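Place chain P on chain G using the hints.
Here's the letter readout for the chains.
2 protein chains.
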Amino acid sequence: MSNPTAAMLVIGDEILSGRTRDSNMHYLAGELTRIGIRLQEARMVADDHGDIVAAVNALRGRYDTVFTSGGIGPTHDDITADAIAAAFGVAIGHRADAMALLQAHYDRSGQPFNEARQRMARIPEGARLIDNPVSIAPGFSLDNVHVMAGVPGIFQAMVASVLPTLTGGAPLLSQSLRVNRGEGEIATPFAALAAEFPDLTMGSYPFNQNGAYGTNLVVRGTDPGRLDAAMVKLVALFG
Amino acid sequence: MSNPTAAMLVIGDEILSGRTRDSNMHYLAGELTRIGIRLQEARMVADDHGDIVAAVNALRGRYDTVFTSGGIGPTHDDITADAIAAAFGVAIGHRADAMALLQAHYDRSGQPFNEARQRMARIPEGARLIDNPVSIAPGFSLDNVHVMAGVPGIFQAMVASVLPTLTGGAPLLSQSLRVNRGEGEIATPFAALAAEFPDLTMGSYPFNQNGAYGTNLVVRGTDPGRLDAAMVKLVALFG
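Which chain is which? The protein sequence lines are G and P, in order. In this text, residue positions in the first sequence follow this note's numbering: the first is 1, and each later residue adds one. In this text, residue positions in the second sequence follow this note's numbering: the first is 1, and each later residue adds one.
Chain G on its own, in the form it takes in the complex (with noise of 0.2 Å):
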């Protein structure tokens, strides 16, 4: 299947310390099935300039779309915009249409548009905003990069913003079918069904709930009749 790629770098101590557990990969992960893009790896790395801009430039190369989220705020231990100019080798600054934006904000809620407030109106050159309905700071995007917010409901809204930017391509559809019985016991029967759908992909998923123990066998591709037809195939076998 031959969908767009992408993938996701979550950039923060508080993930990898276990303080906070992340939201941001999951809801991506599912936004990006609908519309045919496919995720194909994510990493998480902390607030290290090296190592961000290491995994930026590793992702970047080899996806058609990154996003990042995390670390673009005003704070010192925001340094997300500046580990991607770096990766991109270009030169950051405060961006005017960016600090007017933020400056028109603190104004209509009479705080200061202090030192702080104004980091966030750095953006690497050549990049283009993000809008961040919620808290006006922008993200931006350069290339094939989108950096966007840590804080959930921000990121969930300047992901609105950039899928419609984004080429897609057919949605990646799955349907599954629950079985009672382990996975040892239908791994045989299942593999053979998998390889007589070789533009499909089929996985099984054991899970143990209140003493019950069985399989979710899920199908996936992005052929709605293929997918109906592995499922008569799947039913017929353990339904």
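Calculated directly from the structure, the hints in this document are not laboratory data. Where hints are given, some of them may not hold.
[Said to hold, decoys possible] According to the in silico footprint, chain G covers these stretches of chain P (three or more CB under 8 Å from chain G):
| # | stretch |
| --- | --- |
| 1 | 19-25 |
| 2 | 72-84 |
| 3 | 177-185 |
Computed from a predicted structure; not experimentally measured. Just so it is clear, CB atoms sit at the ideal spot from N, CA and C, and this is done for glycine as well.
Chain P alone, transformed into the frame defined by chain G:
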């Protein structure tokens, strides 16, 4: 801070498609922090042989310890053990002690120890088995790579077996202060405080709950006395 380092590799199509939200990385992050091992990177890749091999080799060379989750069950989409063997350039086959463990388990439960179930005894040459008290099929460790199940209950049991075999460091401690001010208001004095304590890391995490917004300020390090000293100053500034 010179704590031992670690990385985690989460393996599975179901994570990247958005079907399942990974919980193992967050669990492991908390456990490692407690024993003073610094989780520096996490990656998530699909059930793809080449992607798994490349990620394992990148991570095992760079970090003291690597943990993987997922892909060691009996079905055709479980390809992790073969990929690990390929990454290390070693052979893989059904191992006698793993076969004996599983044979006894299926004999007890009156289920056939069929070919699919026997796949779970395929272990790369030179590996040590990781005990699975939940469903018997073992994980394994090869050099500094620990290969574990994706089902959270089994993953956690395997982590409990592996951690006592590792050399930890001073526990990575953290203290936090919740302030009812935005990040932009506290950023400058907070950065100055962080500069006074170069042996600690300080991060700020904005929140917006039920219309109340504010910031959680988090101080991390290994020396409890230094953390206390920083917190006294933090409270004096913002408390």
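Results for each hint:
no.	hint	in the structure
1	19-25	holds (count 6)
2	72-84	holds (count 5)
3	177-185	holds (count 4)
Violated hints are absent here; each numbered hint is respected by the structure.
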